[in-house]
Amino acid sequence: MAKVVFTPNVQRHVGCPTAEAGGRTVREVLEKVFADNPQARGYVLDDQSALRRHMTIFVDGQMIRDRIHLADAVTDHSTIHVFQALSGG
Amino acid sequence: MSDKLLVSTRKGLFTVTRKAGQWDIAGVDFLGDNVTLTLTDPRDGRSYAALDHGHFGVKLHRSTANGWEEIPVPAYPPKPEGYEEKDFWGREIKWTTSKIWALATGGPDEPGTIWCGTLPGGLFRSTDHGQSWEMMRSLWDHPMRKKWNGGGADWPGIHSICVDARNSKRVWVAVSTGGIWLTEDGGESWVLIGDGMRAEYMPPELAHDPVAQDVHCLAQCRAAPHRMWVQHHNGIFVSSDEGKTFTEITGVEPSVFGFPVVVHPKEPDTAWFVPEIKDEKRIPREGKLAVTRTRDGGKSFEILTQGLPQTHAYDIVYRHALALDEAGNRLAFGSTTGGLWVSENQGDSWTGVTHTLPPIYAVRFA
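Protein chains in written order, with my numbering: chain A, 388 to 476; chain B, 26 to 391.
Hints were generated in silico from the structure; no laboratory data involved. It cannot be assumed that every hint is accurate.
[What the hints assert, rightly or not] Below, a sample of chain B positions facing chain A; criterion: calculated Cβ distance under 8 Å:
| # | residue |
| --- | --- |
| 1 | V53 |
| 2 | G82 |
| 3 | N91 |
| 4 | W93 |
| 5 | E95 |
| 6 | W120 |
For each residue, glycine too, the CB sits at the ideal point set by N, CA and C.
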């Protein structure tokens with residue numbers, strides 16, 4: 388099971404506790420997490436289910452490359468950080 | 026008479042109330058967050074607040090007896106695989122709500138119906154108080170939508186929605202830029218109207234093309250819906266036939282440029298504007314903040330300044346930041362530099378409520 392950690396900054400808008408879910412890609416893992424926390428989905432993904440422009444995701448310390456399909460690989464031991472991109476100063 | 030204002034700002038939603046003849050800030054919600062627009066539904070008293078969290082996207086909240094609750098935000102349909110849509114400048118148009126730019130209630134025979142205009146141009150309708158939203162595909166899929174362009178923002182957007190007080194199936198929306206669109210069948214079909222408007226930023230052969238018009242704000246007289254007023258990017262226009270045709274009002278001092286317009290609910294010839302030096306500067310002329318008022322359908326205008334700063338005022342008033350109450354007597358407006366003014370005599374004189382709010386995006390009587 389991969390571990391998913393959300394930025395503290397989102398917590399005042401919607402509770403996003405650290406979660407665990409299985410999956411081979413970032414998409415598969417996040418969809419399972421959002422199935423249990425549907426309100427959080429729109430804070431991370433846009434209407435087309437792509438990563439929001441000013442959000443970023445790291446898998447084991449590597450920023451993901453596929454911001455549209457979230458196809459970057461994940462292992463059972465991965466840690467996924469869902470963070471804000473540094474923008475705006 | 027309304028004794029309550031909702032003031033949407035870059036850093037929160039401020040409630041301003043009138044007590045013992047004085048207007049003052051009574052409270053703030055969403056402090057620190059970017060509140061872009063509100064709507065209060067006179068049919069049931071519910072209020073709606075649009076927020077833009079930047080990183081986390083656009084959100085919508087609805088008032089309850091115990092505060093606010095987040096409700097679903099209008100969402101664009103899935104973009105067909107491989108379908109590319111680019112704007113005038115070749116940038117990809119993302120099918121995602123990037124701003125809520127208009128909120129309006131449906132007619133009195135449609136309790137729970139709310140209309141929502143967005144960037145990049147989607148129009149949505151809810152029939153359940155905002156709990157779910159349906160996109161008006163009839164407008165989104167209209168081939169002429171491809172001619173819409175960013176004007177007031179990076180992407181085209183619907184900023185004005187007028188529902189006919191006599192017939193809820195008749196709805197006008199205005200687009201920046203994309204002109205004025207009318208449905209007479211509750212959104213089943215749409216037609217582009219607005220002959221007579223003129224776009225001086227277009228080459229001569231396209232200047233009168235209705236879809237090229239950068240309407241900044243569209244207002245309709247509730248008791249006399251044939252009368253519509255437009256504050257346009259390069260002028261003021263008035264219609265006497267429900268927006269089918271417009272006449273340009275010229276020679277208005279101090280300027281015909283501005284963003285908002287409001288019309289009296291019962292007197293179609295009475296309307297208010299906030300003039301500024303035209304688009305390349307966007308500041309009040311000579312640093313004097315003013316509201317203009319016509320009472321004769323645009324034949325003449327009064328410049329209303331009593332109580333407004335007349336030296337070094339650089340306040341800009343956005344299209345949703347001028348409000349008129351239901352009775353047509355009280356006005357309020359807020360500025361980009363955090364000033365808020367109220368008039369209780371149709372603009373003859375103004376009282377400053379505060380000059381220190383965050384940038385104000387919208388002012389609404391509640």
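Any hints this thing doesn't respect? Which numbers, in order? Going through the list in order, the structure violates hints 1, 3, 4 and respects the others.
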